[in-house]
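Peer 1: Spelled out, the chains give:
Number of protein chains: 2
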Amino acid sequence: METSQISLPVDDLPKAWYNIAPDLPDPLPPPKEPENGPSRMKFLEKTMIHECLEQEASTNRWISIPEKVRELYIQAGRPRPLYRARRLEKHLGVKKVKLYYKREDLSPTGSHKVNTALAQAFFAAKEGKKMLVTETGAGQWGSALSYAATLMNLDCVVFWVRAVYNWKTDRRTFMRLLGATVHASPSDETSVGSELLAEDSTHLGSLGIAVSEGLEYAGEHEGCVYCLGSVLNHVLVHQSVIGLETMEQFRLVEDEPDLVVGCLGGGSNFGGIALPYAGEVLQGKRECEFLAAQSEAAPNLVKGQYRYDFGDVAEQTPLLKMFTLGHRVKMKPIRADGLRYHAAAPLVSALRDRDIVKAVAYPVDERMVFEAASTFFQSEGWLIAPESAYAVKASIDEALEAEKAGVEKVILMNISGHGFLDLEAYRDKLNID
Amino acid sequence: METSQISLPVDDLPKAWYNIAPDLPDPLPPPKEPENGPSRMKFLEKTMIHECLEQEASTNRWISIPEKVRELYIQAGRPRPLYRARRLEKHLGVKKVKLYYKREDLSPTGSHKVNTALAQAFFAAKEGKKMLVTETGAGQWGSALSYAATLMNLDCVVFWVRAVYNWKTDRRTFMRLLGATVHASPSDETSVGSELLAEDSTHLGSLGIAVSEGLEYAGEHEGCVYCLGSVLNHVLVHQSVIGLETMEQFRLVEDEPDLVVGCLGGGSNFGGIALPYAGEVLQGKRECEFLAAQSEAAPNLVKGQYRYDFGDVAEQTPLLKMFTLGHRVKMKPIRADGLRYHAAAPLVSALRDRDIVKAVAYPVDERMVFEAASTFFQSEGWLIAPESAYAVKASIDEALEAEKAGVEKVILMNISGHGFLDLEAYRDKLNID
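Protein chains in written order, with my numbering: chain A, 1 to 433; chain B, 1001 to 1433.
Misleading hints may appear alongside valid ones.
Quick look at which bits of chain B chain A covers, simulated, 3 or more residues with Cβ under 8 angstroms [said to hold, decoys possible]:
(1) 1074–1082
(2) 1105–1114
(3) 1147–1161
(4) 1215–1226
(5) 1259–1273
(6) 1378–1386
Simulated from the structure, these hints should not be mistaken for laboratory data. The C-beta atom is built at its ideal place from N, Cα and C for all residues, glycine as well.
Taking the hints into account, I'd like the entire structure generated from these sequences.
Peer 2: As structure tokens, this is what we get:
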């Protein structure tokens, strides 16, 4: 029987996260204070989870996953299956190329973001915190943190860019059903927000404003910590569970990827699947290539510069060395909203700088990526998130190219989320009634 | 480590479906022709899949699952995990009661309906058919058949009650993305539909009209078969894969259910999880009770009569002996639309008649079932379908009652589907903004 699903026994869930920092050819450039204003580092030390800050600077290759976090991962459905995309291969007519995909879409909140949300909620509770605060743009991160907070019996407050809050009613309901307090940002909860609302009571907000509100809120409430869902080292460390599981699954079928593909906005799902493999490449243990699939709306790895920049529009974070388009760049709206970020995670940027990670960007109209998602749905049967569609598009392109060149190739892609809450985007982009 | 997820290796997917017919205390009353009109049996023989008709009348206890159908099941994510609801138990404060739930919500289309859709699509293709036709009410069955048709490279035509077609835009897009042709019913595709449209061009339709259109369409198109998603014996046989997997999973943790709970409209998810257990009860191999959770909008097992009745409003089916409220009964609208059916499957009805299956019905306002779903979401972390919420509500009630009485009890419930496309219903029923 030709089966497609490669599952991993629950007991084989990884016991440690992988940290690529010690395996990088050069030490990772550390965060820096900007020349002006108050110390960003000190502010973050006050508002963030200490364990996460330690992991942020850690040079340990392996960071033990606490038993309780492993329990939470299993509750959330981990390990997630790897699939051999036999049906997509047939559809494409490739004979020399094998395609595999990892199923992060099976997450309870619909994306890979739970992998770090659960870890952060656990560490926050361990440090005696009572409340998690964050900002969210597309809503995936807010959903994941709301979920993790509920499972750890913590409160959760989400500042959500009003422009998105207003129309993503289903995501809003999702978070509120989980017990989260969701504010349209700018809000009356902070002085930053109140001032903006006084000027314009229907202000549509921005991610920068939401970050500012979240940080202010966290700084002023006892037992409250600010949580981030992408870009930072500790987030990518938590996400390494994706790639580590996948490695075990490839061992079960005695195969190996030649190319790992993920979509990339800030870099958390890409880092999650790619860094454990990249680490083995750097250790000389394997050969493998890496491709980040981006939007031309935010092609940070394709067109960005490798330099120090702020992580946010409001300049409240320290400076991080990243491939960046500039922290105040204007980005066009796209349906794959999770890919709209001005810079790539420092760990991924370091690999990009060494040309270990390559990148491709697709046009802002998104037609071709939604067509790839449609092909995937009709062949493999899974409705994927618009963000994941970029990884699928890039994988299909690579597969066809290798086949044409007569090159044998094993391609692994990460399906970062499902598309059940994105059907309106499909309707719009593919002109389906 | 206290893990909650009980997975089954892919290789342990059942190799045969279970048919309870030979284990019933009395032979199942056969379908009958009504006194008036043309032969319904002959018409069905012409329009339905032959293999399914044979299974319908089969008295074999085990019906082999073709290798290709097992491959399709694995593609669709089977085996699905069983969970011990440790977190819900803690939330309820029960010590004597253990709760388990089966995860049919992990289906690619969002419900258990794929289990029979894939089998039917396979048998149709084997018989040389090119097109599957059906009707759908809530949209779950139409989605599942669209999915199965796509995976078997068949065309699919869905007649969808216009009243639902008009507002469930996401489900409509879902089916069309899978390549299905979806008609609002009544439609211009059939003479039945055209006549109704001539009278009223915005006719909102009904399930009876949609069935009539589907049957007419199937009868008049070469290579076309009509598929049914519930009630009939062969559908329940295909769904037995749910209960059979669950039995294997209970063996892995050396436990056994004392009570099996499922929601019940026509009976396909209830039959799927319950009948393999009920069969062993009838064979004297185990003791176990069974509870069907219904809506007072359609309490067929609670208030119906056990008699011969039509399966559809339009009287196009043969007469089946079922617990029925009458095939023309008016049912109030509820969000758990999949539970609105006038009668229960003949196989389940036979068990109800012997008092092996018990039933409970919840008020039409649905407040208490949505509250149970909310409790489940906040404790277990999975957003479930409104239909599944009935099973959860009944299980929680039974758990609290057993605990109060000091009785040890192991309760198994089936989560028939997920709620990602039902957030508007949650918003409405729980007054969440």
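Peer 1: Hint by hint, note whether the structure agrees.
Peer 2: Hint by hint, here is what the structure shows:
{"no.": "1", "hint": "1074–1082", "verdict": "holds (count 5)"}
{"no.": "2", "hint": "1105–1114", "verdict": "holds (count 3)"}
{"no.": "3", "hint": "1147–1161", "verdict": "holds (count 3)"}
{"no.": "4", "hint": "1215–1226", "verdict": "violated (count 0)"}
{"no.": "5", "hint": "1259–1273", "verdict": "violated (count 0)"}
{"no.": "6", "hint": "1378–1386", "verdict": "holds (count 5)"}
Consistency note: the structure conflicts with the earlier hints numbered 4, 5.
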